[in-house]
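J.: Let the sequences and hints guide you as you build the complete structure.
There are 2 protein chains.
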Amino acid sequence: MVRAGSERDLRPLFDPTSVAVVGASDDERKWGNWLAKGAIRGEGRRRVALVNRRGGAVLGRRAYASLSEVPGGVELAVLSVPAAQFEVAVDEALSAGARAIVGISAGLGESGAEGRRVEQEVVRRVRAAGAALLGPNCLGILDASTELYVTSNDFPPGPVGLISQSGNLALELGVKAEQAGLGFVRFASLGNQADLDVADLVVSFANAPDVEAIAIYCEDFRDGRRFLEAARMAADAGKPVVLLSVGASRAAAMAARSHTGALVSGSLSIEAACRAAGVERVSTPQQLVDLLAGLLLGVSPAGPRVAVLADGGGHGAVAADVAEAAGLVLPPLSADLVTRLTAATGTRGSTSNPVDLAGGGEQDVWSFHRVLEVLLGSGEVDSVLLTGYFGGYGLYGEALASAETAVAGALVEAAQASGRMLAVHAMHTVVPGGGHPPSPIARLRAGRIPVYPTVEAAAFVLARLVGRAASWPEGVPELLEAEDGPREGGYWAARRVLEDAGIVFAPSRLVNDAGQAIAAARELGYPVVLKAVAIEHKSDVGGVVLGIAGEAALERAVSDLQVRLGPQEMAVEAMLERTGGVELLVGAHRDVRFGPVTLVGLGGVHTEVLSDVAAALAPVTEEQAWGLIGSLRGAPLLLGRRGSPALDVGAAAAAVVALSKVAASRPAISEIEINPLLVRRSGAYGLDARLVLGPAVSGAAETASSGAGSGGGTPWPQASTPPSTTIVVPVT
Amino acid sequence: MVRAGSERDLRPLFDPTSVAVVGASDDERKWGNWLAKGAIRGEGRRRVALVNRRGGAVLGRRAYASLSEVPGGVELAVLSVPAAQFEVAVDEALSAGARAIVGISAGLGESGAEGRRVEQEVVRRVRAAGAALLGPNCLGILDASTELYVTSNDFPPGPVGLISQSGNLALELGVKAEQAGLGFVRFASLGNQADLDVADLVVSFANAPDVEAIAIYCEDFRDGRRFLEAARMAADAGKPVVLLSVGASRAAAMAARSHTGALVSGSLSIEAACRAAGVERVSTPQQLVDLLAGLLLGVSPAGPRVAVLADGGGHGAVAADVAEAAGLVLPPLSADLVTRLTAATGTRGSTSNPVDLAGGGEQDVWSFHRVLEVLLGSGEVDSVLLTGYFGGYGLYGEALASAETAVAGALVEAAQASGRMLAVHAMHTVVPGGGHPPSPIARLRAGRIPVYPTVEAAAFVLARLVGRAASWPEGVPELLEAEDGPREGGYWAARRVLEDAGIVFAPSRLVNDAGQAIAAARELGYPVVLKAVAIEHKSDVGGVVLGIAGEAALERAVSDLQVRLGPQEMAVEAMLERTGGVELLVGAHRDVRFGPVTLVGLGGVHTEVLSDVAAALAPVTEEQAWGLIGSLRGAPLLLGRRGSPALDVGAAAAAVVALSKVAASRPAISEIEINPLLVRRSGAYGLDARLVLGPAVSGAAETASSGAGSGGGTPWPQASTPPSTTIVVPVT
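From first to last, the protein sequence lines are chains L and G. Going by our numbering, the first sequence opens with residue 1, and the numbers climb by one from there. Going by our numbering, the second sequence opens with residue 1001, and the numbers climb by one from there.
None of these hints come from the bench; they were simulated from the model. Please read all numbers here as calculations on a predicted model, not as lab measurements. A couple of the hints might just be wrong.
[To be verified] A few chain L residues that face chain G, going by a derived Cβ cut-off under 8 Å, partial list only: (1) Tyr217; (2) Asn353; (3) Gly433.
[Stated by the list, open to error] Derived coverage of chain L by chain G (criterion: at least 3 residues anywhere in the stretch with Cβ under 8 Å from a Cβ of chain G; other residues may be distant): (4) 165–176; (5) 273–286; (6) 420–430; (7) 494–500.
Glycine included, every Cβ here is placed at the ideal spot set by N, Cα and C.
T.: Structural data, given as structure tokens:
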């Protein structure tokens, strides 16, 4: 049994002993009509009552004027009433004994303050009664295993559970799943999550025996870490979770907010969150369905080595390019394997990788099976990508069709016996004009072999699943005990809290004039750096002077800086030797839903220009910190490569850990960063820092603030225009 | 009339007055059967003769035992005979007056030296007779406008011309085109290109009135620059060319070679070639079809600004993320526009960007038209992406279906009137179970509005077409007059030829011992650099010593180097100040098909680690050189950004131009590069160089040699193990 936080009993929601549809209607264009018809489909399993305040008859059966009239009360009440009647309808449902309520009604929490007030009040009463509310502003639920159909549309049948915050996207997922030979056993529409939230539903789905995988479209994760705990436990229970999320773009974050009032997390935060929980994140409905088809096989490639098997050199070559672009590797095959493949093909085809039957598939469709067995058993590849014509030979005649279907069955058995992954691209996934898959395709899918109409989908899925079995989720870290403060932002506050955490900075002195500066420099030793501390993007305006070698130069620098930028606080700092070192950016921000998130990037100009950033939920372990650094495109600069030795990644990782702990224990902090952290052969040193107090960062803000980047790539949250309640002392 | 090189009259191939199928057969599994049946379909337009050496009857009509028996001779002969009979069959065809021959027969040039000999001999005779040969080893041709069907399969009808070097890929393109509502008016299978090559066919297709766009799958471009001239002239004639190419991966290049004996160009070379000719390059059949659907509209977005129009917040948010990830921009809309949109929707939807009808589309399907007109006419966006449910409302009932189809017609008119681009993602592109598109979708496609089943396809196409109308192809540069030499490779040869071309290098002296080194350093002035000249990847093994400040240190460095690496030629060079400068890699290689290609990358470690490289056909103009540098991800490092001033990009561009001219005038050079070229505030200086003589570089070699890179990204050709005939003196 999967548990996460305070668990709710959702049996009355998904398998009620009785259901009432309030707002039932004869009008075929109305929700109340669709819901009523759906509810009646389950009448063999439960009592169904229709309620319409005008009483009389609906769908040829008695309609009760009120829930209170329904004899024996009701366990699940589905409320499709105008917003103004919602509160009363909930009260009536609770009075009638409802343990679960589905709120279809729109125009509540998503529409403004008054709607939110009603929602909160209703939730208070629902919880006090020990009941649960889904929605409002939702599209209902479906559970084929309990014959419960109270939603607007049907879904193709299958083993997936679907949780969605958008109705039309859920419908598109239904269309695409059907085309892929997949379907849904359970569906819940999230709506406003006034009471039940996405985490509650994930727990319930994880515990539903007929749900084998969970698909989610979610804009607002509410208690993000609780959601992750639930998702992770689902994954632990062998039920993969695939998430279609939005918020990578400012426009999407704003759209989601106006849609359901959702507070959307930033893209980096969602990425970090998914990795922690073992959730597969996708960007489109098609990707979600494609990835699910691969996950349901239950086998993932142990490594990136793939053999491409084609009947035709063109298909083989295209698949090779696409597979390598997706991150897979096509190893050359051993001489021994080539010999065995040549025996298996018995054709003039190429038996290198890609393996090309060169038209032999048409002459002898069993050659696919012989070659696949040899490849899967070779130990030289982690997966096989079958691409091109297979599945379509049978379109030319009955005899070939039945042979091909038999071969498809043998391919399934070979794949299952090998424990390795097979993915198929078939140019004929539907019979032309017929709309249904050719029988070999259906046979493959019945054996859970994923079959895709494009080679790019097959390669995407194989590449995404590489190492999934081995790299179990890193886990959702617990926040540290909350500490007070800091009470102000800015450079000095950042240094203080980070130095207290053990991070080493270049020695620094606060100065206000040339005299103090010279005294400080004497103490620190030349060369020194002079900084205008309180200026945002100070290096843009000449607010940082490097390599000051002596008193005269320092005096000139102070005077010049004050003339140009006005009198102000300055810092004189020891100038550390940078040659041979690499600069990192190490930071954290507090995401509106997932809490503190640690970020590591290749520093200095490269963060902005090349957008080379990785993220993880804070706090991070030392191992994770190494992993973050190692995942950067520029990692070889730190880890050593030909011509340059390894730098002190251990010291850098320690700084990442320390900063992440600060972020995880100081809820007052909105953003904190060291930029740059200079990593040398020995040691890592903070050269500048900033700290922003205030509210958590949402997706729109995270994205909006990344405008200074080079476009493309991962956005990096820089100082955005803060809300007026935020104290900001920008220093970088 | 499009011309390219020596033009061939292909009227006898695509519109013959008579056709004979040699090898005609009653066996339905044989090519000779399919070809004969196809040829007979055009009998209303031309004489058709079947030839089978056994004579008798085929398909219920007389079969001639030989072409010589066919009364009146034949203009087009289609030869489907065993390889051993091919030569004789060609002779008979020429004797029978054939002006065009299609060689279906396999087992000739692609199978080995003897096959190539036969092919060459046959081509000699064909050309001497003033005829033309397509193939051999090809799948035939089809021209629906002349009712000529001599190929194995049919294709859906439409305005596209298809040239393919792979049969199964052509079939997949047919399947995918039909699903997209597209089709082909003409098809030619390239085969071995023994006589007619891809350039000849492009010229012919460009001149065919019914061909509106040209789709190509090609592995071997033969005379690459002639192909580009042809493609460019097609584009000039308003017929876009889309190329599905392979060779990005080593495996694909090897596969193509074993498939048709093709010499495959490298990915960087193809990329450069396509940009020169205005050819759109894609990686998969689906991308090819998707892009064609967009190109056939004949309108491309003037800029990246897109408005997303959705009926539902989820679809809007997903589309926003996908569009921005594809490189499009969703601008916030002006207050005035928002007011007009609110009036147009009349719903509670969001009228920011994405514009969300929030379920209003279902209530009032004309709201799509009102909103689209306002958006297209606003001047605030360059294109509109309509996403989600539109096209599917009609599945709920007749009345809605006919209204929706009328709206689709109005959308077409609105788009056409605006001159702006509309692309549509529709979750229902086929009627469930029916397999055909809903009528609104068909109406949109009839009006050339591209409709895609996934939002990622719609965004991909919009992003690819941004600025296509404005940025006309840069043109295919002519090679310079060939100069002899250099006669040896290596560092000194590279310096010599590049210095002669005007590129400035750090002053250098060749030395063999400590005494010579000290003398050289005295002349150059300290600090100096000491290099072991003849060692590959010398910085890996400590073969480069930087910053030698005086004689004692130099003596030690020479001794140390000789102890570690053995006695050898060394260079003592002036050490230029690198601080504040940026290092570029500037190089060229000679592609096996497209000739010399210039490459520019962010230099030093970044080329390898970050794979930031751009390419163009050599020679390049100064404007192109600036463009190459500006297209690097790291370009802001050179062009200036906050905190760092612009460097001397002009000097860097001049070096790029000069090196490209060396490559374009010296056919002896296989590879030449300056790495790094140090770009400073003023001036650009070569710090190291290499030169390799020998044969042109093919795709497999280009890709194989990029193994040292970080994986992912654009491969960079480094020194590969050269064939034994190549003179290599590696110096870097």
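J.: Three or more residues of the stretch 273–286 of chain L near chain G by CB distance under 8 Å?
T.: holds (count 4)
J.: Against chain G, with CB atoms and a cut of 8 Å, does the hint on Tyr217/L hold up?
T.: Holds, about 6 Å.
J.: Confirm or reject the coverage of the stretch 420–430 of chain L by chain G under the rule of 3 or more residues with a beta carbon closer than 8 Å to the chain's beta carbons.
T.: holds (count 3)
J.: Examine the stretch 165–176 of chain L for residues whose CB is less than 8 Å from any CB of chain G, and state whether their number is three or more.
T.: holds (count 9)
J.: Given Asn353/L was flagged as interface, is its beta-carbon under 8 Å from a beta-carbon of chain G?
T.: 6 Å, holds
J.: Is the coverage entry for the stretch 494–500 of chain L by chain G consistent with the three-residue Cβ rule at 8 Å?
T.: Coverage by chain G is violated for the stretch 494–500 of chain L (0 residues, Cβ < 8 Å).
J.: For the hint on Gly433/L, just tell me whether its beta-carbon gets within less than 8 Å of chain G.
T.: 5 Å, holds
Consistency note: the structure conflicts with earlier hint 7 alone.
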